[in-house]
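Q: Listed below, chain by chain, are the residues.
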Amino acid sequence: MKIRFATGALLAAMALTVPAGLMAHHGSAIYDETKAVVFTSAKVTDWLWANPHCLLEFDVKDDKGASVHWTAEVSNPPDMIARGWSRKMFKAGDDVKLWIIAAKNGEPIGRIARVEVAGKTFEGMGRVPGEAPAK
Amino acid sequence: MKSGSLSVRMFAKSTIVVSIFGLLLATGAQAQQMTLPPPVKIVPGRPAPKRSLAGIWQPYSGFEGIQPNGGQAIFSDGRHEPPYTAAGMEAFKKNKPSNGITEVGPGEENDPGHACDPLGFPRANLFEVRNTEFIQTPQKMVILYQYDKLWRTIWTDGRALPKDDPEPRWYGYSTGKWTDDYNFVTTTVALDDRTWLDNAGRPHSDEMTVEETFHRIDSDNLEISVKITDPKFYSKPFLAMDKMKMKRIPDNTDSLEMMCVPSELNAYNQRHANLGNKK
Chain A
1 MKIRFATGAL LAAMALTVPA GLMAHHGSAI YDETKAVVFT SAKVTDWLWA
51 NPHCLLEFDV KDDKGASVHW TAEVSNPPDM IARGWSRKMF KAGDDVKLWI
101 IAAKNGEPIG RIARVEVAGK TFEGMGRVPG EAPAK
Chain B
136 MKSGSLSVRM FAKSTIVVSI FGLLLATGAQ AQQMTLPPPV KIVPGRPAPK
186 RSLAGIWQPY SGFEGIQPNG GQAIFSDGRH EPPYTAAGME AFKKNKPSNG
236 ITEVGPGEEN DPGHACDPLG FPRANLFEVR NTEFIQTPQK MVILYQYDKL
286 WRTIWTDGRA LPKDDPEPRW YGYSTGKWTD DYNFVTTTVA LDDRTWLDNA
336 GRPHSDEMTV EETFHRIDSD NLEISVKITD PKFYSKPFLA MDKMKMKRIP
386 DNTDSLEMMC VPSELNAYNQ RHANLGNKK
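Residue numbers (my numbering), protein chains in the order written: chain A, 1 to 135; chain B, 136 to 414.
Be aware that a few hints might be false.
[To be verified] Taking CB as the label site, the calculated pair distances span:
no.: 1; chain 1: A; residue 1: 116; chain 2: B; residue 2: 315; range: 39 to 47 Å
no.: 2; chain 1: A; residue 1: 62; chain 2: B; residue 2: 288; range: 53 to 61 Å
no.: 3; chain 1: B; residue 1: 270; chain 2: A; residue 2: 116; range: 27 to 35 Å
no.: 4; chain 1: B; residue 1: 270; chain 2: A; residue 2: 84; range: 27 to 35 Å
no.: 5; chain 1: A; residue 1: 131; chain 2: B; residue 2: 271; range: 15 to 23 Å
no.: 6; chain 1: B; residue 1: 385; chain 2: A; residue 2: 119; range: 53 to 61 Å
no.: 7; chain 1: B; residue 1: 413; chain 2: A; residue 2: 64; range: 49 to 57 Å
no.: 8; chain 1: A; residue 1: 84; chain 2: B; residue 2: 224; range: 40 to 48 Å
no.: 9; chain 1: B; residue 1: 195; chain 2: A; residue 2: 105; range: 33 to 41 Å
no.: 10; chain 1: A; residue 1: 128; chain 2: B; residue 2: 177; range: 34 to 42 Å
no.: 11; chain 1: B; residue 1: 413; chain 2: A; residue 2: 132; range: 29 to 37 Å
no.: 12; chain 1: A; residue 1: 35; chain 2: B; residue 2: 372; range: 27 to 35 Å
[To be verified] A few chain A positions that, by computed beta-carbon distances, are all more than 10 Å from chain B:
no.: 13; residue: 29
no.: 14; residue: 35
no.: 15; residue: 37
no.: 16; residue: 43
no.: 17; residue: 44
no.: 18; residue: 51
no.: 19; residue: 52
no.: 20; residue: 53
no.: 21; residue: 57
no.: 22; residue: 61
no.: 23; residue: 65
no.: 24; residue: 73
no.: 25; residue: 107
no.: 26; residue: 118
no.: 27; residue: 120
no.: 28; residue: 131
[Said to hold, decoys possible] Computed list of lysine to any residue pairs in SDA-like fashion (alpha-carbon distance at most 25 Å, straight line):
no.: 29; chain 1: B; residue 1: 414; chain 2: A; residue 2: 91
no.: 30; chain 1: B; residue 1: 382; chain 2: A; residue 2: 67
no.: 31; chain 1: B; residue 1: 413; chain 2: A; residue 2: 60
no.: 32; chain 1: B; residue 1: 284; chain 2: A; residue 2: 32
no.: 33; chain 1: A; residue 1: 61; chain 2: B; residue 2: 409
no.: 34; chain 1: B; residue 1: 413; chain 2: A; residue 2: 91
no.: 35; chain 1: B; residue 1: 371; chain 2: A; residue 2: 104
no.: 36; chain 1: B; residue 1: 413; chain 2: A; residue 2: 84
no.: 37; chain 1: B; residue 1: 231; chain 2: A; residue 2: 32
no.: 38; chain 1: A; residue 1: 91; chain 2: B; residue 2: 231
no.: 39; chain 1: A; residue 1: 104; chain 2: B; residue 2: 382
no.: 40; chain 1: B; residue 1: 284; chain 2: A; residue 2: 77
These are calculated hints, taken from the structure and not from any lab test.
We put the beta carbon where it would ideally sit given N, CA and C, even for glycine.
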């Protein structure tokens, strides 16, 4: 049997950034796990509190000032409740700061590693690449 | 460098930290959400009651319970593959999981669980084991699973397993018996071969028999093992779960719902996952 064992390296890399429990449903192969894209001002348009993964939709301005619509995921509601998140933590119009693990293919989708909303910081799905693990 | 063992150790370490952190947060978060009766305290160190699994149990480690990259004892890292026959390997190659060493992107995968098909058995044990409650009656053992809010019936009234090509079921037909005061062993047949064994896309045939062993260590600790016997797809029996440890949690624990909902899954795919598969 020949299976591409090189994928193990990817799994090892994922282990550094994504807690196992948060990879439960869908893999992270589509994401660039090496860095986080930071949006200092994102305007929330929708917050889907659902299985298999919660989704935050938001708009940001690109380098030319044009609005770009993004969708970013975290884990399922029980896992996110365990991290202090809730179904009412975002509402349309909220201005938030986001640390996003973005898709490799350049599409405006990603995984939320951290968010600041209403003056509070919440850790998301996995940690911000390059940062030391929480002690 | 032994990258395989290194990654497993890293997984283990990160999981322990995350699990402890998550449990601490979970307690606080759930308490804030609703007013619940105080938890019934578990007094550790007591001997196990004889011939009883009654109570609510939880995996010690989130990683071991959720098993994101394959069953606990067949973790998909290239070094724990089960012993496929030629037919088994052919079936495995047709499965396109989104986890494990053959994972593909969200738009390419064909995991039946991701279409909200029933996970089936033994995948109920080999993926997303969370709070698990055992209810015993004179005729049966009932297992309640938090994930997918489902139950299994294990008949203990002495009946035989069905023979002569029984109708396949997502969760099979199970009987069980105590082999001694602290080991409850089940046998399950008539399993629908549309389901996968685990998140890494391991297949099974309609000839599979699954044996579970629930070993009650003491009042607060339980071990679960799952043995697969499937001569059509695997050349010899193997353990897909090997003594996964569960701890007793209070009987008045209120478990959160966690279910696959087609409309929510569609929303996830349309708004997010499908975009990730664009070239």
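Q: Confirm or reject each hint.
A: To see whether the hints hold, each was checked on the structure:
no.: 1; hint: A:116 with B:315: 39 to 47 Å; in the structure: violated (56 Å)
no.: 2; hint: A:62 with B:288: 53 to 61 Å; in the structure: holds (56 Å)
no.: 3; hint: B:270 with A:116: 27 to 35 Å; in the structure: violated (45 Å)
no.: 4; hint: B:270 with A:84: 27 to 35 Å; in the structure: holds (32 Å)
no.: 5; hint: A:131 with B:271: 15 to 23 Å; in the structure: violated (48 Å)
no.: 6; hint: B:385 with A:119: 53 to 61 Å; in the structure: violated (35 Å)
no.: 7; hint: B:413 with A:64: 49 to 57 Å; in the structure: violated (22 Å)
no.: 8; hint: A:84 with B:224: 40 to 48 Å; in the structure: holds (44 Å)
no.: 9; hint: B:195 with A:105: 33 to 41 Å; in the structure: holds (38 Å)
no.: 10; hint: A:128 with B:177: 34 to 42 Å; in the structure: holds (36 Å)
no.: 11; hint: B:413 with A:132: 29 to 37 Å; in the structure: holds (34 Å)
no.: 12; hint: A:35 with B:372: 27 to 35 Å; in the structure: violated (45 Å)
no.: 13; hint: 29; in the structure: violated (6 Å)
no.: 14; hint: 35; in the structure: holds (17 Å)
no.: 15; hint: 37; in the structure: holds (15 Å)
no.: 16; hint: 43; in the structure: holds (17 Å)
no.: 17; hint: 44; in the structure: holds (14 Å)
no.: 18; hint: 51; in the structure: violated (5 Å)
no.: 19; hint: 52; in the structure: violated (6 Å)
no.: 20; hint: 53; in the structure: violated (6 Å)
no.: 21; hint: 57; in the structure: violated (7 Å)
no.: 22; hint: 61; in the structure: holds (20 Å)
no.: 23; hint: 65; in the structure: holds (23 Å)
no.: 24; hint: 73; in the structure: violated (6 Å)
no.: 25; hint: 107; in the structure: violated (4 Å)
no.: 26; hint: 118; in the structure: holds (16 Å)
no.: 27; hint: 120; in the structure: holds (14 Å)
no.: 28; hint: 131; in the structure: holds (13 Å)
no.: 29; hint: B:414 with A:91; in the structure: violated (32 Å)
no.: 30; hint: B:382 with A:67; in the structure: violated (50 Å)
no.: 31; hint: B:413 with A:60; in the structure: holds (21 Å)
no.: 32; hint: B:284 with A:32; in the structure: violated (34 Å)
no.: 33; hint: A:61 with B:409; in the structure: holds (23 Å)
no.: 34; hint: B:413 with A:91; in the structure: violated (29 Å)
no.: 35; hint: B:371 with A:104; in the structure: violated (41 Å)
no.: 36; hint: B:413 with A:84; in the structure: violated (33 Å)
no.: 37; hint: B:231 with A:32; in the structure: holds (21 Å)
no.: 38; hint: A:91 with B:231; in the structure: violated (36 Å)
no.: 39; hint: A:104 with B:382; in the structure: violated (40 Å)
no.: 40; hint: B:284 with A:77; in the structure: holds (15 Å)
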